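Engineer: Guided by the hints, dock chain A onto chain Z, whose structure is given.
Chain by chain, the residues:
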Amino acid sequence: MSTLLSVRNLSMRFGGLTAIDDLSLEVPAGKITGIIGPNGAGKTTLFNCLTGFYKPTTGTLRLAHPQRGEMHLEKLPSHRVARDAQVVRTFQNIRLFPKMTVLENLIVAQHNVLQRASRFSLAGLFSLPGYRRAERAAVTRAATWLERLQLTRFADHAAGDLPYGTQRRIEIARALCVDPVLLCLDEPAAGLNPRESAELNELLLYLCREQGVAILLIEHDMSVVMNVSDHICVINYGRKIAEGTPEAVKNDPHVIKAYLGEDEEEEAMEAFTEARAS
Amino acid sequence: MAYALQQLINGLTLGAMYGLIAIGYTMVYGIIGMINFAHGDIFMVSAFIAITAFTLLAAADVTSIPLALTFVLIVAIFFTSAYGWAVERTAYRPLRGSTRLAPLISAIGMSIFLQNAVQLTQGARVKPIPPVIEGGVELWSTPAFTVQIGWTQLLIIVTTVALMIAFTWMITQTAFGRQQRACEQDRGMAALLGVNVDRTISFTFMLGAALAAVAGVMVTVYYGVVDFFIGFLAGIKAFTAAVLGGIGSLPGAMLGGLLIGLIEAFWAAYLWAEYKDVATFGILCLVLMLRPSGLLGRPEVEKV
Numbered sequence: 001m002s003t004l005l006s007v008r009n010l011s012m013r014f015g016g017l018t019a020i021d022d023l024s025l026e027v028p029a030g031k032i033t034g035i036i037g038p039n040g041a042g043k044t045t046l047f048n049c050l051t052g053f054y055k056p057t058t059g060t061l062r063l064a065h066p067q068r069g070e071m072h073l074e075k076l077p078s079h080r081v082a083r084d085a086q087v088v089r090t091f092q093n094i095r096l097f098p099k100m101t102v103l104e105n106l107i108v109a110q111h112n113v114l115q116r117a118s119r120f121s122l123a124g125l126f127s128l129p130g131y132r133r134a135e136r137a138a139v140t141r142a143a144t145w146l147e148r149l150q151l152t153r154f155a156d157h158a159a160g161d162l163p164y165g166t167q168r169r170i171e172i173a174r175a176l177c178v179d180p181v182l183l184c185l186d187e188p189a190a191g192l193n194p195r196e197s198a199e200l201n202e203l204l205l206y207l208c209r210e211q212g213v214a215i216l217l218i219e220h221d222m223s224v225v226m227n228v229s230d231h232i233c234v235i236n237y238g239r240k241i242a243e244g245t246p247e248a249v250k251n252d253p254h255v256i257k258a259y260l261g262e263d264e265e266e267e268a269m270e271a272f273t274e275a276r277a278s
Numbered sequence: 001m002a003y004a005l006q007q008l009i010n011g012l013t014l015g016a017m018y019g020l021i022a023i024g025y026t027m028v029y030g031i032i033g034m035i036n037f038a039h040g041d042i043f044m045v046s047a048f049i050a051i052t053a054f055t056l057l058a059a060a061d062v063t064s065i066p067l068a069l070t071f072v073l074i075v076a077i078f079f080t081s082a083y084g085w086a087v088e089r090t091a092y093r094p095l096r097g098s099t100r101l102a103p104l105i106s107a108i109g110m111s112i113f114l115q116n117a118v119q120l121t122q123g124a125r126v127k128p129i130p131p132v133i134e135g136g137v138e139l140w141s142t143p144a145f146t147v148q149i150g151w152t153q154l155l156i157i158v159t160t161v162a163l164m165i166a167f168t169w170m171i172t173q174t175a176f177g178r179q180q181r182a183c184e185q186d187r188g189m190a191a192l193l194g195v196n197v198d199r200t201i202s203f204t205f206m207l208g209a210a211l212a213a214v215a216g217v218m219v220t221v222y223y224g225v226v227d228f229f230i231g232f233l234a235g236i237k238a239f240t241a242a243v244l245g246g247i248g249s250l251p252g253a254m255l256g257g258l259l260i261g262l263i264e265a266f267w268a269a270y271l272w273a274e275y276k277d278v279a280t281f282g283i284l285c286l287v288l289m290l291r292p293s294g295l296l297g298r299p300e301v302e303k304v
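If you read the sequences in order, they're chains Z and A.
Letter by letter, the first sequence follows residues 1 to 278 in UniProt numbering.
Letter by letter, the second sequence follows residues 1 to 304 in UniProt numbering.
Rather than coming from a laboratory, the hints here were simulated on the basis of the structure.
Some hints here could point you the wrong way.
[Said to hold, decoys possible] So these bits of chain A aren't anywhere near chain Z, every CB distance computed over 10 angstroms:
hint	residue
1	Q7
2	I9
3	G33
4	T55
5	T63
6	F79
7	G109
8	L114
9	E138
10	V147
11	G150
12	L155
13	A162
14	A269
15	L271
[Stated by the list, open to error] Label pairs and their calculated CB-CB ranges:
hint	chain 1	residue 1	chain 2	residue 2	range
16	A	D198	Z	R148	32 to 40 angstroms
17	Z	G15	A	G282	46 to 54 angstroms
18	Z	P77	A	F113	27 to 35 angstroms
19	Z	H157	A	T168	16 to 24 angstroms
20	A	V62	Z	D179	46 to 54 angstroms
21	Z	T152	A	S293	31 to 39 angstroms
22	Z	G15	A	C285	40 to 48 angstroms
23	A	D186	Z	R195	23 to 31 angstroms
24	A	E274	Z	R136	57 to 65 angstroms
25	A	T168	Z	A137	19 to 27 angstroms
26	Z	H254	A	R291	55 to 63 angstroms
27	Z	H254	A	S293	49 to 57 angstroms
28	Z	L17	A	D186	21 to 29 angstroms
29	Z	D179	A	T168	26 to 34 angstroms
[Unchecked claim] Derived coverage of chain A by chain Z (criterion: at least 3 residues anywhere in the stretch with Cβ under 8 angstroms from a Cβ of chain Z; other residues may be distant):
hint	stretch
30	171–184
31	189–199
Everything numeric in this text was worked out from a predicted model, so none of it was measured.
Ideal Cβ placement from N, Cα and C applies to all residues, glycine included.
Chain Z extracted, bound-state conformation:
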């Protein structure tokens, strides 16, 4: 099992607040790694560091890119994390381009391929054959993912007008159009009904097993995390408190304490006991 991403001694401080405190973890290639922890544990901050949105205070994020070799994500600006390192994320609160059609949303994600083909927009401006070919290829790729995620009939709708669950799937489809080596999903099951989250499970497993995409998954819905993750890492107060297989994590005393020890975390507690029962 080779390591795709290794996070070493990562810390992120905002003034006096330490959101991530000396966190180290490994994300294996071609597997699903779940990240769980109570609200405010630093999960989303980790994603923000990964995708160049925050510059970590200390620590390294080393990506072993299958084609391009070793890359340090903490040194790349956001657009190069997607373009060169092919690490892409989705958001807890969906961030589609609401006024564009679904298809356009997916084409924007492939814009680097198009940009190269368009030679700094010039060939694109005049629609030269090379560019038209690239554009057709982009549409085909978009269509393939739309088909796989059962979104084809929405292709020409404005993304902002569609129902929530559909928008979630579109966001995942768009991320896939970047051709990611690492896909970071921030609570993809939030707001989905049980049937939809079962479909999500299936999709995640398909991406990982069939397409070989490594997935880093932040999720509160235990029915998703516990069922699809190969490996789970539990964070609390910016520190890793446990990791291992879903089974091992469920029974870890530190984890139980982190979830059950806090009064305001009722939701998480319920979810957790449910998961233990199942």
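Structural biologist: Coordinates of chain A only, in the frame set by chain Z:
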């Protein structure tokens, strides 16, 4: 009736120029949410570049008018885009991520700087050029009044319409346009999908400046005079046009420009010519009070 028709032609010409400048305001606002108050002065700079280019051509004894116009347009677009790029790079980009007010102040500073730079290097006096294109077509002749459309006016209207079609196509159909719209809707997300946001913003500024350059060349040809202060008034009127149409909306900027041009022409013809600026700014006040999102702009809904 004939008189009104003539005013319509004059208004359209004026409106075309305001529209071209207004697009620059609206695009920059769309992508970084800031009013580029130096945009009017970029337009002024382009008029000076045009004058310089015309002078050079005259010195080189070029007499073919189409050739001369093409050359001047290309030179003006090239150098003005460079100005647009430089202004963004030096005055706005370093302030990105700071408060909303900072780039606004910086823009006003840039505007004063450009005016003074041109005043120092080109002199404060009005610079004239001899008429480039003369004559026109008589459309309709009554005993009292002859309606005429000048070749220059025709050129301005036709060029503007062609540019606006090309521009709309570019924004809706090309890779750059898609990128531009993506940045406009969510800059952070666009970056996370690999779009180089800084470059897109630079390009937006250059594009706005290029359109202003076309307007600058036209003003030079149409009026035959420029001075270092023309950017202020033209800029504010184009800004009014952008607000009237709905700031951030491209068709809005075009429509707003046209309306402001027409209103100004008719006001000057039928009411008081000396108060035509009052009309424009009265409209700005009214729009801001009654319909702040403009004619084609969508009101911003704060999501809770």
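Engineer: Are the hints correct? Go through all of them and say.
Structural biologist: Results for each hint:
1. At roughly 37 angstroms, the least C-beta separation between Q7 of chain A and chain Z is larger than 10 angstroms, which holds for a residue marked as non-interface.
2. Listed as a non-interface residue, I9 of chain A keeps its Cβ farther than 10 angstroms from every Cβ of chain Z; the least gap is roughly 32 angstroms.
3. Distance check on G33 of chain A: its Cβ is at least 16 angstroms (rounded) from any Cβ of chain Z, clearing the 10 angstroms threshold; non-interface status holds.
4. The non-interface label for T55 of chain A is consistent with chain Z: the shortest C-beta to C-beta separation is roughly 31 angstroms, beyond 10 angstroms.
5. Every beta carbon of chain Z lies more than 10 angstroms from that of T63 of chain A, the smallest distance being close to 32 angstroms; the non-interface claim holds.
6. Under the 10 angstroms C-beta cut-off, the non-interface status given to F79 of chain A relative to chain Z holds; the minimum distance is some 20 angstroms.
7. The claim that G109 of chain A lies off the interface holds: its Cβ sits roughly 28 angstroms from the closest Cβ of chain Z, which is beyond the 10 angstroms cut-off.
8. For L114 of chain A, the shortest C-beta to C-beta distance to chain Z comes to about 27 angstroms, beyond the 10 angstroms cut-off, and the non-interface label holds.
9. Look at E138 of chain A: its CB is around 39 angstroms from the nearest CB on chain Z, clear of 10 angstroms, so calling it non-interface holds up.
10. No beta-carbon of chain Z comes within 10 angstroms of the beta-carbon of V147 of chain A; the shortest separation is about 39 angstroms.
11. Residue placement check: G150 of chain A keeps its beta carbon more than 10 angstroms from all beta carbons of chain Z (closest about 32 angstroms).
12. At the 10 angstroms boundary, the C-beta of L155 of chain A stays outside the reach of chain Z, the nearest C-beta of that chain being 24 angstroms off.
13. Against chain Z, the non-interface label of A162 of chain A holds: every CB pair exceeds 10 angstroms, the least being about 15 angstroms.
14. Non-interface status of A269 of chain A relative to chain Z is upheld: no Cβ of that chain comes within 10 angstroms, the nearest being about 40 angstroms off.
15. No beta-carbon of chain Z comes within 10 angstroms of the beta-carbon of L271 of chain A; the shortest separation is about 40 angstroms.
16. Between D198 of chain A and R148 of chain Z the C-beta distance comes to about 34 angstroms, which sits within the given range of 32 to 40 angstroms.
17. For G15 of chain Z and G282 of chain A, the Cβ-Cβ distance of about 49 angstroms falls inside the hinted range of 46 to 54 angstroms, so the restraint holds.
18. For P77 of chain Z and F113 of chain A, the hinted distance range of 27 to 35 angstroms is satisfied, since their beta carbons lie about 30 angstroms from each other.
19. For the hinted restraint 16 to 24 angstroms between H157 of chain Z and T168 of chain A, the CB-CB distance of approximately 22 angstroms keeps it satisfied.
20. At roughly 53 angstroms, the beta-carbon separation of V62 of chain A and D179 of chain Z lies within the given 46 to 54 angstroms, and the hint holds.
21. At roughly 35 angstroms, the beta carbons of T152 of chain Z and S293 of chain A sit within the given window of 31 to 39 angstroms.
22. Under the hint 40 to 48 angstroms, the C-beta atoms of G15 of chain Z and C285 of chain A, about 43 angstroms apart, fit the expected range.
23. The beta-carbon spacing between D186 of chain A and R195 of chain Z, approximately 29 angstroms, falls within the hinted interval of 23 to 31 angstroms.
24. With their beta carbons about 59 angstroms apart, E274 of chain A and R136 of chain Z fall inside the hinted range of 57 to 65 angstroms.
25. A C-beta distance of roughly 26 angstroms is found between T168 of chain A and A137 of chain Z, which places it inside the suggested range of 19 to 27 angstroms.
26. Under the hint 55 to 63 angstroms, the C-beta atoms of H254 of chain Z and R291 of chain A, about 59 angstroms apart, fit the expected range.
27. Roughly 53 angstroms separates the CB atoms of H254 of chain Z and S293 of chain A, a value that falls within the hinted 49 to 57 angstroms.
28. In this structure the supplied range 21 to 29 angstroms holds for L17 of chain Z paired with D186 of chain A, their Cβ-Cβ distance being about 26 angstroms.
29. With their beta carbons about 31 angstroms apart, D179 of chain Z and T168 of chain A fall inside the hinted range of 26 to 34 angstroms.
30. Requiring three or more residues with a Cβ within less than 8 angstroms of a Cβ of chain Z, the coverage given for the stretch 171–184 of chain A holds, as 7 such residues are present.
31. Closer than 8 angstroms: that is the beta-carbon criterion, and the stretch 189–199 of chain A has 9 residues meeting it against chain Z, so the requirement of 3 holds.
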